[in-house]
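S.K.: The lines below spell out each chain.
2 protein chains.
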Amino acid sequence: MDIVIIGGVAAGMSAAARLRRLDEQASITVVEKSGHISFANCGLPYYVGGVITDRDALLLQTPEAIKARFNIDVLVNTRAEAIDRTAHTVTVTDLTTGAARRLHYDRLVLAPGATPVRPPIPGIERALTLRNVEDTDALAAAAQQARTAAVIGGGFIGLEVAENLVRRGLRVALVEATDQVLAPLDPEMATPVHDALRSAGVDLHLGCAVTAIGDHDVTLADQTVLDADLVVAAIGVRPDSQLARDAGLECAPNGGIVVDRNLTTSDPHIYAAGDAVAKHDAVDGSLVLVPLAQTANLQGRRIADRIMGREIGDRPVLGTAIVGLFGLQAATVGCNEKRLRAAGRPYRAIHTHPTDHAGYYPGATQMALKLLVDPYTDAILGAQGVGPKGVDKRIDVIATAMTGHVMASDLAELELAYAPPFGSAKDPVNMLGFVDENLVTAKARTIQWHQLAQAQDSGAVLIDVRSPAEFAAGAIPGAINIPVDELRERMDEVRALAEGHEVIVHCAVGVRGHVACRILAGHDIPARNLDGGYKTWAAGTRA
Amino acid sequence: MDIVIIGGVAAGMSAAARLRRLDEQASITVVEKSGHISFANCGLPYYVGGVITDRDALLLQTPEAIKARFNIDVLVNTRAEAIDRTAHTVTVTDLTTGAARRLHYDRLVLAPGATPVRPPIPGIERALTLRNVEDTDALAAAAQQARTAAVIGGGFIGLEVAENLVRRGLRVALVEATDQVLAPLDPEMATPVHDALRSAGVDLHLGCAVTAIGDHDVTLADQTVLDADLVVAAIGVRPDSQLARDAGLECAPNGGIVVDRNLTTSDPHIYAAGDAVAKHDAVDGSLVLVPLAQTANLQGRRIADRIMGREIGDRPVLGTAIVGLFGLQAATVGCNEKRLRAAGRPYRAIHTHPTDHAGYYPGATQMALKLLVDPYTDAILGAQGVGPKGVDKRIDVIATAMTGHVMASDLAELELAYAPPFGSAKDPVNMLGFVDENLVTAKARTIQWHQLAQAQDSGAVLIDVRSPAEFAAGAIPGAINIPVDELRERMDEVRALAEGHEVIVHCAVGVRGHVACRILAGHDIPARNLDGGYKTWAAGTRA
Numbered sequence: 001m002d003i004v005i006i007g008g009v010a011a012g013m014s015a016a017a018r019l020r021r022l023d024e025q026a027s028i029t030v031v032e033k034s035g036h037i038s039f040a041n042c043g044l045p046y047y048v049g050g051v052i053t054d055r056d057a058l059l060l061q062t063p064e065a066i067k068a069r070f071n072i073d074v075l076v077n078t079r080a081e082a083i084d085r086t087a088h089t090v091t092v093t094d095l096t097t098g099a100a101r102r103l104h105y106d107r108l109v110l111a112p113g114a115t116p117v118r119p120p121i122p123g124i125e126r127a128l129t130l131r132n133v134e135d136t137d138a139l140a141a142a143a144q145q146a147r148t149a150a151v152i153g154g155g156f157i158g159l160e161v162a163e164n165l166v167r168r169g170l171r172v173a174l175v176e177a178t179d180q181v182l183a184p185l186d187p188e189m190a191t192p193v194h195d196a197l198r199s200a201g202v203d204l205h206l207g208c209a210v211t212a213i214g215d216h217d218v219t220l221a222d223q224t225v226l227d228a229d230l231v232v233a234a235i236g237v238r239p240d241s242q243l244a245r246d247a248g249l250e251c252a253p254n255g256g257i258v259v260d261r262n263l264t265t266s267d268p269h270i271y272a273a274g275d276a277v278a279k280h281d282a283v284d285g286s287l288v289l290v291p292l293a294q295t296a297n298l299q300g301r302r303i304a305d306r307i308m309g310r311e312i313g314d315r316p317v318l319g320t321a322i323v324g325l326f327g328l329q330a331a332t333v334g335c336n337e338k339r340l341r342a343a344g345r346p347y348r349a350i351h352t353h354p355t356d357h358a359g360y361y362p363g364a365t366q367m368a369l370k371l372l373v374d375p376y377t378d379a380i381l382g383a384q385g386v387g388p389k390g391v392d393k394r395i396d397v398i399a400t401a402m403t404g405h406v407m408a409s410d411l412a413e414l415e416l417a418y419a420p421p422f423g424s425a426k427d428p429v430n431m432l433g434f435v436d437e438n439l440v441t442a443k444a445r446t447i448q449w450h451q452l453a454q455a456q457d458s459g460a461v462l463i464d465v466r467s468p469a470e471f472a473a474g475a476i477p478g479a480i481n482i483p484v485d486e487l488r489e490r491m492d493e494v495r496a497l498a499e500g501h502e503v504i505v506h507c508a509v510g511v512r513g514h515v516a517c518r519i520l521a522g523h524d525i526p527a528r529n530l531d532g533g534y535k536t537w538a539a540g541t542r543a
Numbered sequence: 001m002d003i004v005i006i007g008g009v010a011a012g013m014s015a016a017a018r019l020r021r022l023d024e025q026a027s028i029t030v031v032e033k034s035g036h037i038s039f040a041n042c043g044l045p046y047y048v049g050g051v052i053t054d055r056d057a058l059l060l061q062t063p064e065a066i067k068a069r070f071n072i073d074v075l076v077n078t079r080a081e082a083i084d085r086t087a088h089t090v091t092v093t094d095l096t097t098g099a100a101r102r103l104h105y106d107r108l109v110l111a112p113g114a115t116p117v118r119p120p121i122p123g124i125e126r127a128l129t130l131r132n133v134e135d136t137d138a139l140a141a142a143a144q145q146a147r148t149a150a151v152i153g154g155g156f157i158g159l160e161v162a163e164n165l166v167r168r169g170l171r172v173a174l175v176e177a178t179d180q181v182l183a184p185l186d187p188e189m190a191t192p193v194h195d196a197l198r199s200a201g202v203d204l205h206l207g208c209a210v211t212a213i214g215d216h217d218v219t220l221a222d223q224t225v226l227d228a229d230l231v232v233a234a235i236g237v238r239p240d241s242q243l244a245r246d247a248g249l250e251c252a253p254n255g256g257i258v259v260d261r262n263l264t265t266s267d268p269h270i271y272a273a274g275d276a277v278a279k280h281d282a283v284d285g286s287l288v289l290v291p292l293a294q295t296a297n298l299q300g301r302r303i304a305d306r307i308m309g310r311e312i313g314d315r316p317v318l319g320t321a322i323v324g325l326f327g328l329q330a331a332t333v334g335c336n337e338k339r340l341r342a343a344g345r346p347y348r349a350i351h352t353h354p355t356d357h358a359g360y361y362p363g364a365t366q367m368a369l370k371l372l373v374d375p376y377t378d379a380i381l382g383a384q385g386v387g388p389k390g391v392d393k394r395i396d397v398i399a400t401a402m403t404g405h406v407m408a409s410d411l412a413e414l415e416l417a418y419a420p421p422f423g424s425a426k427d428p429v430n431m432l433g434f435v436d437e438n439l440v441t442a443k444a445r446t447i448q449w450h451q452l453a454q455a456q457d458s459g460a461v462l463i464d465v466r467s468p469a470e471f472a473a474g475a476i477p478g479a480i481n482i483p484v485d486e487l488r489e490r491m492d493e494v495r496a497l498a499e500g501h502e503v504i505v506h507c508a509v510g511v512r513g514h515v516a517c518r519i520l521a522g523h524d525i526p527a528r529n530l531d532g533g534y535k536t537w538a539a540g541t542r543a
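As you go down the protein sequences, you meet chains P and V in turn. Using the numbering used here, read the first sequence as starting at 1 and increasing by one per residue. Using the numbering used here, read the second sequence as starting at 1 and increasing by one per residue.
In silico DSS-like links for lysine-lysine, alpha-carbon gap of 27 Å or less:
| id | chain 1 | residue 1 | chain 2 | residue 2 |
| --- | --- | --- | --- | --- |
| 1 | V | K389 | P | K389 |
| 2 | P | K338 | P | K389 |
| 3 | V | K338 | V | K389 |
| 4 | V | K33 | V | K67 |
| 5 | P | K67 | V | K443 |
| 6 | V | K67 | P | K443 |
| 7 | P | K67 | P | K33 |
If you are wondering where the hints come from, they were derived from the structure by calculation, not from laboratory data.
This is chain P alone, in the form it adopts within the complex (with noise of 0.2 Å):
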C-alpha cells in the first residue's frame, strides 16, 4: 500500500510513525514544505528568547534518523502541487531543484497545517511570522539586530513573542485589534493578564489597529506610531487548505477541510488532521478551528489506526489551551462567557480566588479561576484560571471531568493529591464544586460583577463585609462596610437597610460574603452575594 502524507509536523508525522508502527510493508512518504519535519513549533518563541539555546533541540527529528527508525521517506523542501483524485496521484515540486514529479496513493492524508494571516495592512510585507524554523532563524536574526519591536495581535502566539523578545532586550510594543488579549478569556480574566504585560514594560495598545506598517515604526487608527525596527505580525492562523480545496474536497465556511468521524475528506481515500481540518466543539457541536499541536498529533495518530482499518469514533475537542507568560499561567477548556452569551446559552458562572496551595506553606500564590456551567444540566461548559502556579493543573482536572462527564457540583467530591507544598485540603477545584453546589441546591444565589451596576441603580444595597482596613484600601462605589463578623450584632441595621431593597453582599473573594449571606437568611434577609468579590469586580470594571 502506497501512502503519501502531506505536511511533516505534528499531524503528519505522527500519522506516519504510527503507520509504520502498525505495517512494517507499507510504502509511506512524507512531503514537507519546510526544511524540516517534526520541529517543535511550540517551541519557536522560546528560541527567540534565548530560553532554549541549542537550535538543534527544535529539530526533534532529521529525515535520515526516521528513515533510520521508521523506513519512512520524507522529502523536505518540497511542494504539494495539485492532487488527481482519479489517477490517485499528488504532483510535488523539490523547491531546491524546481523538479516536479508525481508521488502515487492508495491512501492520501492531508497534514499541511495552517498559515499565518496576513491583514493587507500597507507595508505588511516587512512584518515576520513565526511558523517554522526558518520563520525562527530570520526572526532571531532580525531580533539581534533590532531594539525595539510590534508585536501585532495579542493570541497565544503574539504573547509568547512578545515576551521572547522582551528576554532578548528589546523594547516592545503590543498591539491587539480588540478590547483584551487572548480571546478564550473572558474580560475579568483577561486583566490579569494585561497587568503581568505591563509589569514587565510592554507598551500594550488594546482596541486599537495597525493601520501602516513603516521602515522603523508602525501606525495605529489612533495616529500613535510606535517604534519598530522589528514587526512581527501575529494575528492568527488560517488553514492551509488551498490544495484540498483545489482538489475539490469539502471545506467548511470556517476554511478548515471538512472530515468525519473518521477523519476521511469527502473522497474515502483522502484523510486529513491537524490544523487545517475543522474541528466538532465538544461543548456546542459546531464546526470550530483548533490549531493546538496535542489535537493534531493525536488525530495523525488516529489517521493511521483508520487506514489499518479500526473505526476511530467521534472526537469532539474542547480546546484545551495554556499559554505562560512574565511568570504567570493562563489556560483555558471549553466556551468562555463571551461565547455562551453570543450563542444565547444559559448558563451559570462562579470566579475564585484561591492559592494554589496551603497558604500556610511558603510560595503560596493567588490565582483566579472561573467556571461556566449549564444551569440546567449541571455539565462544566468550560474553565480559565490565571495565577503565577498551579493553574495547569486544575484546568486539566477540569478538562479530565469536562470528558469524563463529571458535572459541576460533582467536582467537590474529586479526590485530588493533597500535601501543603501541593495544594488544599479543599483544593480549589473542590471549592468550585462547592460553590456550583451551594448555587444548585439554592444555598447561595450571586449576582456577577457586570450585573452589579444595574442592580444598584435599581435600588439594591451594597453590603461590604469585608475589614474596615479592606474597605478603606478600595471599596466598590455605594458599598456600605459592615464585617461579616459584627453582622448578627448590626442585625437591626442591616433590616433598616434592607427595608424595601434588594440586598447585595461582597468581600474581597466571595468566601466571608457567601457566610455573610447565609447569616443573612437565617435572619429573613434574601441577599446575593458578589461573585468573586472585590477582586473579580475589579479586574472586571479596569478591563
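Dock chain V against the given chain P, drawing on the hints supplied.
M.R.: Same frame as chain P, now just chain V:
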C-alpha cells in the same frame, strides 16, 4: 436543635461551619481534647523543619474567631468521656480544671480522628509522635536539643518528619520494618524514594524492626544500634473509635466506626466522619481506613448536609495521596499492584518514564508513572507516580478520570493544557492511554520486570535495542544488543536467535522497545516488550 461535635479539626470543624451556614439558629458545640482547633495538621512536620516559621500560621482558627464568625461554642482541652444514647447526652471533662459536665444533643457528630500507633517496644514511652500542635511543640523543642534522630516508620508522616529533621541539621536514621517505604507504592516505584532519602544523608534501614529504644539510641532486630537523641514513632495511626465502641456503636474489624451511605452510625442520631470511620473503597468495595485530610473535610461537610435533611449518597474513596521529600514527589491513587495481586484480581500494569514537560524546554525532569488497569473492562484501578515535578498533576488527572469512569485507553484522548513549559503535546497521561490502547488492541504485548528472570530461565531471548553506549553503561544479564535502527538489516540474526525461543525486547523506558516489537511483528517474529524498559527493571530488581 442541639448539635454536639466531638473533634475540632478537619471533619469536625468542616461539619460545624457548614452546619452554621445551613442553620443560623441551631446550637452547635465543638468538643476538642487538644488545646487547638482547625490546626494545620498536614503542616506540622514543616514547622518542625523550619519551613513554616510562624507558629500562628498553623492555627487556622481560634475558638474566639469561630465564635465571632460562626457563633459556634468551642470547648478545647475537653475530652468526651461517654455517650448516653438514651438520654442523648455526652459527658465531657475539662482537662484543665477536671470539671465534668453533660452536653445534650439532638444530633451528635463523631470526628475524633486517629491516634498514632505505639508498638510495644521497650522504651516506646521515649518516642515522640506527631499528631497535634502540642506534639509539634514537643518535637520542635526536642529537635533543638538533639544531634541525632531515629524515625520509626516509612509512611507519609515518617518521611515528612525525617525530611524536616534533616532540614533542622540532625543526623537522621529511618527504620522501616517492611522492605520499602511508602506502602501505597509498589516496590519498583519506591526505589527512587529510597535513593532520594539516601542521597539526602538519611540512614535508611529497611526490613528491620526496632526492638528497643534506649536513652540515646535505638536497637534494631539485626542488633544494629543507631544513635538517636530523639526518637519519633510514625508507624501509623488507628481510628480513635473507643468512645463509639464504648457507646455500643458498630465498628469494623479494622477499628473504624461503621457508617452508612449517609455517614450515619448504627445510632440514627449519631454521625461520624474523618479518620475515625471505615470508608468504602472505590476500586474493590472493601471497608478501608483512609486517614486523609481531604476526605475528612468532605465528610464533615456532608454530615452537615445530612443533618439538614439532604440525602448525600455513597461516596467511595480513591485515597489519592502525595508526599514531597527532598525535591521528589511521590503520589498514588487507587489500588497498587501488591494489593491487586494479594486479592487475586486480574490487572495489567503499565510503566512509563516521561518528562514533566517538553524535553527541549529547559528544566524538564523525568518521572516514573505506573498505571494499573482491569484487563476485562479497561477500567483504571490505580496509578502511582514518582519524580521531581508534575507528578501531582498527572495523579490528579488520573484520579479525576477514575471518578469520571474514563477508561484507561481513553486517557489517550484527554485534552490537557499544553505549552512547552507545562507539558508535552502528548502528555504523560496521554502516553499511558496510548500504551494501554496498544495492549487492548493487541498491538503490543509486554512482560513485567518481575517476570523477566523466569522467562529467561524458560529460554526466552532478550534483545536490548538501545545504543551500544547505553548497553555498555549497564545491561540486563543475558541481553543481546541490537540497536532498534539496525533491526531491519540484521533481521536474519534476529531470526536465528528467535528460532525455538520466545523473543523479549527492551530499551531504556519502553518506547524504542515498542517500535522494535512492531518491526519484528512485521517480519513475523512475535515479541514481548519489557514494560518500562531497563529503568523499571533496574528499579525493581534493586528494590
